[in-house]
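Using the hints provided, position chain B relative to the given structure of chain A.
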Amino acid sequence: MDTEKNPQVEARVFRASVGPHISSGESVPHIMWTVSAALLPAAGLSIYYFGLPALSVLVLSIVSAIVFEALAQKLAGAKITISDGSAILTGLLLGMNLPASVPFYLPVIGSAVAVIITKQLFGGLGYNIFNPALIGRAFLMASFPRFMTTWPLPQGSLSLARPDAVTGATPLGILKEEGYRKLLSHFASRHDMYVQLLLGHRGGAMGETGIVALLFGAAYLLYKGYITWHIPVTFIATVAVLTAVFGGDPWLAMLSGGLVLGAFFMATDYVTVPQLKRAQVAFGLGCGIITALIRLEGGYPEGVCYAILLMNCFTPLLDRAFKAKKFGEASAKA
Amino acid sequence: MRITSFKGGVHPPDNKKATASLPIVDAALPERVVIPMSMHIGAPAKPIVGVGDLVKKGRKIGEAQGAVSVPVHASISGKVMAVGNFPSPMGVDAQAVVIESDGKDEWADDISGHDDYLSLNPDVLRNIIKEAGIVGMGGATFPSHVKLSPPKEKKIRYAILNGAECEPYLTADARLMEENPGDIIEGLKIIMTILRVTDGFVGIEDNKKAAIKAMSAEAGKVACELMVETYYERDGIQYEVPKGCKMGVKVIPLPVKYPQGSEKQLIKAVTGLEVPPGHLPMDVGAVVQNVATAAAIYQAVRFGRPLIERVLTVTGPGINEPKNLRVRIGTLFEDVISQCGGINKKAAKVVMGGPMMGIAQADFGVPVIKGTSGIVALSEKEAVNVMDFGPCIRCGRCIDVCPMGLNPSVLGRLIEKGRFEEAKEYGLLDCFECGSCSFVCPSGRPMVQFTKWAKRELARKKAKAS
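Protein chains in written order, with numbering that gives the first Met the number 0: chain A, 0 to 333; chain B, 0 to 465.
This is chain A alone, in the form it adopts within the complex:
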C-alpha cells in the first residue's frame, strides 16, 4: 500500500484472534507476590523474636526453593518459571513452618522435597496434589524429629546468639505432656496466656508465633479477595467447637500451634484445595475434625499439617461432589 498517499491508514499487520482482547490484569506472579507480602509481617516478627538465625532459615529455604525449581525445570527440559513467584512462596511457607534453630541443611532438604518431589514431579505449578511446603515439613518431621521438635523461646530482641540457647516446649506440647493446669502456670493468668499467644511470645515454629501479624496479613488477603472465608473460618471454628465439646479450652486451641498459619495460608492454596465454595466448606470442616482428633487423641501435640495434607487427597472428590450449579438448571427441573 502507498503509505505516502494515505499516511493515516498505513499498512500494518495486527494480531488476529477471537476475544476477549482485554483482561482484568490479574496474574499469577501478582497473586504469589501478594500472598508472600501478606506473610512478611509474621516473618518480620519471627526475626524480631528469634534473631538472625530465623532470617537465615527463611533465606535458605526461599533461595533453595528457587534453585531447585530452576534445576528441576532445566533437567526436565521445561520452561523455567521461577519468575512466577510460586517457588518463593513455597520456600517462605516452608521456612515459616520450621523452628528457627534448625541446622542449615534442613530448609535445603525441605525445599528439595517440596519443590522437586511434591511439585515438579507431579507436573509443576497447578498439577501438584499436595501442598509442597507441608510435604517438605512432614518429611523433615519424620527424618529429623529432634531438630523439628526443639523449639527456641523468643528472645524479644534482635539477637545474634543461636536461639537454641534457651529452648522450651510449645504450649500444645506442654498441654499434651503435662496438662492444662501446668500450661496455665507458665502465665500470670488465663487472660495473660491468650495475650501472650496472640503476640507470639512463646515457643514454636516461626509461623506459629506472632498470630497477630498473621491475622493482619490474612485480613489483607481477605479484603483483596485473594482468599475467601470459607476454608479458614470453617477450619478454625471446627477446631474450636470440637475442642470445647471435649472439654478443652477453645481459645487456646485457636491461638496455639499452626492453626492460623495453616488455615489462612496453607489450606487456601488454590492448587491443592477445592474450587467450589461449598466444597471448600466441607474441606475446612474435614481439616478441623482431623486437627482436633490429632490434638485431642493422637500422639502428636499438633495436627494442622497432617490434617491439610490428608484433606488434599479429598480435593478432587469434593469438587466432584459439589458440582457447580448451571444457569437454568433450577428452572429445568421445575
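Derived from the structure by calculation, the hints contain no laboratory data. Idealized CB from N, CA, C, for every residue including glycine. Misleading hints may appear alongside valid ones.
Said to hold, decoys possible - Simulated restraints on C-beta separations: (1) K416(B) x A15(A): 36 to 46 Å; (2) I79(A) x E379(B): 17 to 27 Å; (3) G219(B) x K324(A): 34 to 44 Å; (4) W228(A) x Q64(B): 36 to 46 Å; (5) E178(B) x A15(A): 27 to 37 Å; (6) E379(B) x T148(A): 53 to 63 Å; (7) S378(B) x T148(A): 49 to 59 Å; (8) N343(B) x L284(A): 55 to 65 Å; (9) A329(A) x E99(B): 54 to 64 Å; (10) A42(B) x A69(A): 52 to 62 Å; (11) L284(A) x S20(B): 46 to 56 Å; (12) A361(B) x I79(A): 31 to 41 Å; (13) L70(A) x N384(B): 25 to 35 Å; (14) Q64(B) x A69(A): 58 to 68 Å.
Chain B in isolation, oriented as in the chain A frame:
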C-alpha cells in the same frame, strides 16, 4: 419491578466516554464496497448478479438459500466489478460481490413501504423482514425472521429488545436509542404484532441514562391496539388475546455488568425466568432482538428499505478521532478508519465488535458487515496476547464469574487434554463464549479458543458418525 440479575459476570472498564456523547454521523459514500454473501448465521446467500451489471442501492444481489438464510442487497448504486472470494472480518475468505460506486447513490425503483404496517398479516411482515435481509445486529447475526417464527406450540409472552450494550467501548446502540427511539419502538411494535404479544420490554444498562430517558419517553407513547386476533392454548386452557388489546412497552434499566446483553441473562433480568440448559428463549416464552435490529425492521416494513447500512462505533486509543458512524454495509475498514483520523501508533489490536467478544483483524482490507457493531483499536497496554498463557492454578475466579454457572477451569483442563466428550458433560455446549473466564484468568488462559476448538471437534465427530 425488581431486577434479578444473573450470578457471575465481570466489570471491565467501560471506556465509552470518547464516543458516548458524539451524535451519529453519516459516513462518506464509499467508492467501492465488498459485500459478503455470508453476513449471517446459516447458509450463505447465492449471488444473482454478474460482473458488469449495473445495480442501484437496495437491489437484491444475493438470494437466500434455505430456511435459515437471508438475501443480500447492494448498499450503493454502481457497477458490479467482481464476484469472488474476498477477505471477511469473520476470519476466512468468503464469496462477495464488489460494487464500484457511480456516485449517484440512487435507490432501486421497486423500493416501497407500508403506511398501515401494524395491520399487516404477521406472515407478510415476516416475509418483508426476511426479504430485507435483516439479522441480529448485536453481533450474533442470526436471521431475524427465523427468531420471529416460533413453532405454534410455543406461546410467546415477552418481546424483548436488547439495548444493554454491555461491551466496553461501544456506544452505537446507545446513540441510536437516544437519537432514533421512534424507529426502535415502532420496530418493537411490529415485532409484537408478529408474535401477537401485548407486553414489550427494552432492557438498557443503567449507565446509559440518556438512552433510557429517550426510550422511556417513546415507550410511554405506545397506546396502539393489537390489530390481529390471537389465541393460544397452555396447559389445556384456551387463552384469547382479542383484537384491540392494548400494547404496552416497558423500559427496564439493567444492572451494569458484562455480559448483561447476553440473550439468556437479559431474559432473566427482564422476566425473572431462566432458560434451561439446551433450550431456547422461546421455551420460556421470550423472543429477544437487538435495538438496532428493531430499527432496521421498522425501516424495512415502513419504507421498504433493506438492511444496507448500520451504525457502528469506531474508537479506542488507537483511533485518532473516535466516532459513531452510519456506514454502508461492505465499506472497507480502511475507508471507515480513514474517516476517523486514521490509526495511530498506539494501536496493537483492531477488533471488529467489542473487546470482549469481537474478532481482532489482521488488517483493514475487510468490509463492515451486518454484525459489525464497532471497530475498536486497542492499545498494547490493554490488549492481551493469547499465545502467552500458563497452567491453570485452580484459583476458581472463572467459576465465580461464569454467567452460565459452569466450571471453565475444569473445561479448559479437559479440552487441553483432548477430552472433549467429558467437557460436554461439564456443560461445554452451554458456554456462549462471553470470555468472562479469560478476562479474569491470572494465567491468561484462552478459554474461548479452547471452547470453540472443542465444540468444532465434537461437531466434526458427530458429522463423521452420522
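Here is how each hint holds up against the structure:
{"no.": "1", "hint": "K416(B) x A15(A): 36 to 46 Å", "in the structure": "violated, 26 Å"}
{"no.": "2", "hint": "I79(A) x E379(B): 17 to 27 Å", "in the structure": "holds, 25 Å"}
{"no.": "3", "hint": "G219(B) x K324(A): 34 to 44 Å", "in the structure": "holds, 39 Å"}
{"no.": "4", "hint": "W228(A) x Q64(B): 36 to 46 Å", "in the structure": "violated, 57 Å"}
{"no.": "5", "hint": "E178(B) x A15(A): 27 to 37 Å", "in the structure": "holds, 33 Å"}
{"no.": "6", "hint": "E379(B) x T148(A): 53 to 63 Å", "in the structure": "holds, 55 Å"}
{"no.": "7", "hint": "S378(B) x T148(A): 49 to 59 Å", "in the structure": "holds, 57 Å"}
{"no.": "8", "hint": "N343(B) x L284(A): 55 to 65 Å", "in the structure": "holds, 57 Å"}
{"no.": "9", "hint": "A329(A) x E99(B): 54 to 64 Å", "in the structure": "holds, 57 Å"}
{"no.": "10", "hint": "A42(B) x A69(A): 52 to 62 Å", "in the structure": "holds, 55 Å"}
{"no.": "11", "hint": "L284(A) x S20(B): 46 to 56 Å", "in the structure": "holds, 54 Å"}
{"no.": "12", "hint": "A361(B) x I79(A): 31 to 41 Å", "in the structure": "holds, 32 Å"}
{"no.": "13", "hint": "L70(A) x N384(B): 25 to 35 Å", "in the structure": "holds, 29 Å"}
{"no.": "14", "hint": "Q64(B) x A69(A): 58 to 68 Å", "in the structure": "holds, 59 Å"}
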